[in-house]
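The hints should help you fit chain B onto chain A, whose structure is shown.
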Amino acid sequence: MDPLLVTQALNVLYEVVTLAVIVLGLAIVFGLLGVMNLAHGEFIALGAYVAYVCQSHGLPYLAAVPAAIAACALLALPVERFLIRPLYDRPFDTLLATWGLSLFMRKAIEIGFGGGYKSLKIPVSDSVLVLGTPFPAYRLLLMALCAALIAALLLWYRRSVAGARVKAMVGNRELAQAVGIRTDRLARDTFVVGLCFAGLAGVMVAPLVSVQPYMGLDYVLRSFFVLVVGGLGSPLGLLSGAAAIGGVESAMSALVDRTAGYSTVLLIAIFFLWRRPHGIFGRS
Amino acid sequence: MTTSLARRKFLIASAAGTALIGAPAFIRNASAAKDFKIGMFYAIAGPAANLFGPTQKACAELAVEQINARGGILGRRVQLLFANGDAAVADATKSAVRMLLEDKVDFFLGSHNSAVREALVATIKARVPYVYTPIYEGGECSPNTYVIADTPRQQMETVLPWLHKKAGYKSVYLIGNDYVWPQVTNKYAKGIFKKLGVSVLGEEYVPLGAPNKFEEAVTRIKGAGPGLVLITLVGGDNVNFNRTFAGFGLDKNILRVSSLLEENTLLGIGAESSNGLYGCMSYYSSVDTPAHRAFKTAYRKKYGDKAPILGLIGVDTYAGVKFVEAVVTKAKANAAAKVKSAANGITFASATGTMTMRNRHVDKDMYLAECKGTEFQIVETFSNVKSGQTCA
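Residue numbers (my numbering), protein chains in the order written: chain A, 1 to 284; chain B, 285 to 676.
Any given hint could be a false lead.
Said to hold, decoys possible - With a cut-off of at most 25 angstroms between alpha-carbon atoms, the simulated SDA-like pairs for lysine to any residue come out as follows:
#1 B:614 <-> B:350
#2 B:506 <-> A:131
#3 A:107 <-> B:494
#4 B:506 <-> A:13
#5 B:471 <-> B:494
#6 B:341 <-> A:108
#7 B:585 <-> B:637
#8 B:536 <-> A:137
#9 B:656 <-> A:2
#10 B:656 <-> A:13
#11 B:624 <-> B:449
#12 A:121 <-> B:536
#13 B:471 <-> B:488
#14 B:506 <-> A:56
#15 B:580 <-> A:113
#16 B:536 <-> A:138
#17 B:318 <-> B:365
#18 B:624 <-> B:649
#19 B:536 <-> B:649
#20 B:506 <-> A:108
#21 B:479 <-> B:464
#22 B:474 <-> B:672
#23 B:506 <-> A:107
#24 B:318 <-> B:411
#25 B:656 <-> B:452
#26 B:670 <-> B:421
#27 B:506 <-> A:113
Bear in mind the hints are in silico, worked out from the structure with no lab data behind them.
Chain A on its own, in the form it takes in the complex (with noise of 0.2 angstroms):
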């Protein structure tokens, strides 16, 4: 087979996984929960972050798991409490306080880190033969952690207690409180997890892309588009969404250039808000 081929499919691949994975934690606040979160992407610069505090003070990299999944609840919990939980089924509300919110993180960022340019590490540094193809070890074992990732998630979604109860808060709330759902400690547990998520993704991207406060700005449109194509509230929508998003961008990105990759893509999500605004798998 062709090397180049081989390479660049593998790049496909590993474009939609990431990108699965970058969304995930917005599919969890925007799909269950209405809140249009536009400040994912720097709970994502968050999780970077820490990850470059861990590094830069020699700890293991996978110590920057619990410490950005630490970081994300603590700063996830009141803002939930304070800026979210008076804002939910106001979608648009939401939108003006998080965007409020992703200025104040970047700021704060810069406040903290300055405004230059964060290198990590890349922890494991190797090429693997794939098919005859050396292959950056590292973006392998994250595409296999990214889709175990995934996997688990989607089978306690479906197989849990507490994933039945997040459906059926989402499907009616009012009946789900009524048969005994605290709805309310159960969206905070949902926001958290989401924003969790993308803490986590940021720790797993972060020695790969260049981290600086405005990283988050990177994401989060993508993140959207996802959501647009794939639909909300079913996980085949965001699997489906980043296939679409992910994969054409960079099918096209291999076969023509980046400007084909992002033109196609806006054409893709502006064909979905036009003849089916509830995506793929999204509920109607």
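Quick look at chain B alone, frame taken from chain A:
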């Protein structure tokens, strides 16, 4: 008698009173007229603001402090007025109009992109002299406009032949952001490659300001297998490209030249990804000259440990302010014709030494740097390299 005396006293008193009330305003006006005002555009808010803004401001203010300590320009205290140069063209234009009409600035100094420069040139209409400082593509010859910037000739005519002699690369791949500076730089570089007999295997551009990823481009480059990659990406794209490039192991046998590789960008690229990476600019913070040691001492003294990181785009505002001082002192005015004749051949201080202006551009020393980890090691100095610009 008493009444007339009283009336005279009253007149004197009221006259004195009027004079006293008027005095502060009069003095205020006089001192305001005395200040030499430089209207400075730099990256206050926008995509380049967190990278370059603090250094641009700090270096310009250091130059002003030094000039004022020696008595200012033509005996007038120098004052910097700031506007955002990283803004939309329309906003920058508005700021320029305000500085022209309300603040009545004596000189403009700009460190921003070429789109804003063209708008400012069109707004200022040569009424006030304007000095443009950051690295750019060349070609600015508008009246009453002066350029400190590194030009494509100064960057490319030095590093490309030098590296060809040293490493003997036979083919090259070009990648840059899609706007005027990378395209003009690449056009100039392709002329050099032709003379050297180096074949161009590919040339591609990615959108500016988009969250670009480079896996596909790096794979393409791997397939093309050039001896050298010429990178005209800026900021975060430059970081991401080089990290991906090294992540895929291409740094082991392909050399890289990056046209805008300053200290912040190299910190982002990181020590693991900077092997075989070169740059050629008129400033690196590791340049070792007596003037630069003095500059860095003064900079640390003024800003302490929290000083913004030094880099080309930032320190060129220092040279810009020093140029304003030199040229206005020599011309004894800021009138266009006088400044123009004074500017040709004038020598002024930069962060690392001196620069000489000819044809409204600067001939300068260029430094060729090889990345060692996150440090620039100067491997060659090219003295007094011509800008290649010939403005009448």
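Right, here's what the structure says about each hint:
{"no.": "1", "hint": "B:614 <-> B:350", "result": "holds, 18 angstroms"}
{"no.": "2", "hint": "B:506 <-> A:131", "result": "holds, 17 angstroms"}
{"no.": "3", "hint": "A:107 <-> B:494", "result": "holds, 21 angstroms"}
{"no.": "4", "hint": "B:506 <-> A:13", "result": "holds, 19 angstroms"}
{"no.": "5", "hint": "B:471 <-> B:494", "result": "holds, 23 angstroms"}
{"no.": "6", "hint": "B:341 <-> A:108", "result": "holds, 21 angstroms"}
{"no.": "7", "hint": "B:585 <-> B:637", "result": "holds, 19 angstroms"}
{"no.": "8", "hint": "B:536 <-> A:137", "result": "holds, 16 angstroms"}
{"no.": "9", "hint": "B:656 <-> A:2", "result": "violated, 35 angstroms"}
{"no.": "10", "hint": "B:656 <-> A:13", "result": "violated, 34 angstroms"}
{"no.": "11", "hint": "B:624 <-> B:449", "result": "violated, 40 angstroms"}
{"no.": "12", "hint": "A:121 <-> B:536", "result": "holds, 17 angstroms"}
{"no.": "13", "hint": "B:471 <-> B:488", "result": "holds, 13 angstroms"}
{"no.": "14", "hint": "B:506 <-> A:56", "result": "violated, 32 angstroms"}
{"no.": "15", "hint": "B:580 <-> A:113", "result": "holds, 23 angstroms"}
{"no.": "16", "hint": "B:536 <-> A:138", "result": "holds, 18 angstroms"}
{"no.": "17", "hint": "B:318 <-> B:365", "result": "holds, 15 angstroms"}
{"no.": "18", "hint": "B:624 <-> B:649", "result": "holds, 23 angstroms"}
{"no.": "19", "hint": "B:536 <-> B:649", "result": "violated, 31 angstroms"}
{"no.": "20", "hint": "B:506 <-> A:108", "result": "violated, 40 angstroms"}
{"no.": "21", "hint": "B:479 <-> B:464", "result": "holds, 23 angstroms"}
{"no.": "22", "hint": "B:474 <-> B:672", "result": "holds, 16 angstroms"}
{"no.": "23", "hint": "B:506 <-> A:107", "result": "violated, 39 angstroms"}
{"no.": "24", "hint": "B:318 <-> B:411", "result": "holds, 19 angstroms"}
{"no.": "25", "hint": "B:656 <-> B:452", "result": "holds, 21 angstroms"}
{"no.": "26", "hint": "B:670 <-> B:421", "result": "holds, 14 angstroms"}
{"no.": "27", "hint": "B:506 <-> A:113", "result": "violated, 35 angstroms"}
Taken one by one, the earlier hints fail for this structure at numbers 9, 10, 11, 14, 19, 20, 23, 27, listed in ascending order.
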